[in-house]
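Peer 1: Spelled out, the chains give:
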Amino acid sequence: MLAELPALPLHEAGKYVAGAYVVVFVLVLVYVAIMAVRLSRIQRELAQLSSSQRAVPDDPRPSSPAPPPVS
Amino acid sequence: MNRSSRHLPHLGGYLGALSVATAALMAIALSLVFFYAPLDAEQGFLQKIFYLHVPLAIVSLSGFVIAALLAIMHLRTGEARWDMRSYVAIHMSLIFAVATLITGSIWARGSWGHWWVWSEPTLVSFLIVFLLYATYQPLRFAIEDPERQSRYASVFAITAGAFVPMNFIAVRLASAYLHPRVLGSTSNLPPQMAFTFVVSLIAIALLFATLCSCELTAKRARMQLRALRRAAEARAGEGEDALAPARRPRSAAPSLQGAGTLAAGAPRGGA
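Protein sequence lines correspond, in order, to chains H and F. For the first sequence, numbering that gives the first Met the number 0 begins at 0 and goes up steadily by one. For the second sequence, numbering that gives the first Met the number 0 begins at 0 and goes up steadily by one.
No wet-lab data here; the hints were simulated from the structure. Some hints could be false.
[What the hints assert, rightly or not] Example chain H residues on the side facing chain F (calculated, C-beta under 10 Å, incomplete):
| id | residue |
| --- | --- |
| 1 | TYR15 |
| 2 | TYR20 |
| 3 | ALA32 |
| 4 | LEU38 |
| 5 | GLU44 |
[Said to hold, decoys possible] Which chain F residues stay away from chain H? Per the calculated CB distances, all over 12 Å, these:
| id | residue |
| --- | --- |
| 6 | GLN46 |
| 7 | MET91 |
| 8 | ILE201 |
Ideal Cβ positions, reconstructed from N, Cα and C, are used throughout, including at glycine.
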């Protein structure tokens with residue numbers, strides 16, 4: 000049914016070859032960009048967590064109640 | 000804390016070395032494709048797509064089979080990290096399969112004059128495999144209980160993984176085809192083309208491994224961050240449910256916390 004076409008000239012084949020390689024490059028680039036966004040989110044959350052940890056005092060237990068007054 | 004946290008300090012160096020090796024080999028492969036490999040007598044310059052399309056297809060299908068092996072490990076050991084690896088392998092193989100379909104379509108357009116040929120068993124079978132695995136994420140998302148989710152996903156990965164080589168063999172047995180055969184006929188390639196093809200295949204396989212490692216590292220970091228946040232909330236006493244078991248947002252991604260008992264190596268029945 001189908002037969003292979005004769006070899007395309009360079010100016011004709013070039014756009015197909017470039018298209019194929021660019022598509023893969025863009026796919027990898029998009030994936031890396033998504034990963035970068037995820038990692039920056041993790042970094043932001045980590046910074047929030049560490050800042051909230053610094054805000055919490057070392058010993059959060061309430062201090063012992065004052066002794067009752069001696070009558 | 001756990002196995003993943005013990006390994007995280009080493010991952011930076013490992014991942015960096017893997018990334019550098021991948022980038023270097025990709026550059027070498029591209030140089031070989033465009034400056035070393037001779038032009039094909041029949042297809043001319045268009046045949047350069049072969050060095051991208053075929054390795055992508057091979058790595059993608061191999062990734063599905065590897066995911067099945069990892070899923071077997073998950074069912075055997077009950078450790079959630081195998082489920083995570085299987086999930087990442089399928090996820091990455093799907094991305095590579097998309098690239099395979101697009102590059103194949105572009106090559107078909109230039110070579111045959113059509114973007115897609117429905118009567119060609121190789122194309123259609125690859126599309127079937129792709130569509131089969133495209134249901135993996137919805138399957139995971141449909142199951143809320145993390146343990147059931149990981150177990151069902153592993154069963155799916157094994158079943159679908161067994162389908163991949165069967166499909167490959169069935170297509171090769173098909174008599175009428177136009178798509179060129181690659182595996183088993185590399186001896187027909189001139190040595191320069193065969194060498195370029197092997198280097199391209201290794202480069203694409205390394206790219207797959209690097210991206211999988213990146214995703215695994217990101218997921219482990221996210222899980223450790225969640226664990227740290229829960230511990231901090233529990234310490235700060237922000238509500239009673241801070242001490243309750245992790246509330247996991249509905250997600251298709253596996254969770255090491257969700258299957259914490261499995262990760263700890265607790266025995267389980269019925270796997």
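Peer 1: Which constraints among the numbered hints does this structure fail? Numbers only, ascending.
Peer 2: Those not satisfied are hints 3, 6, 7.
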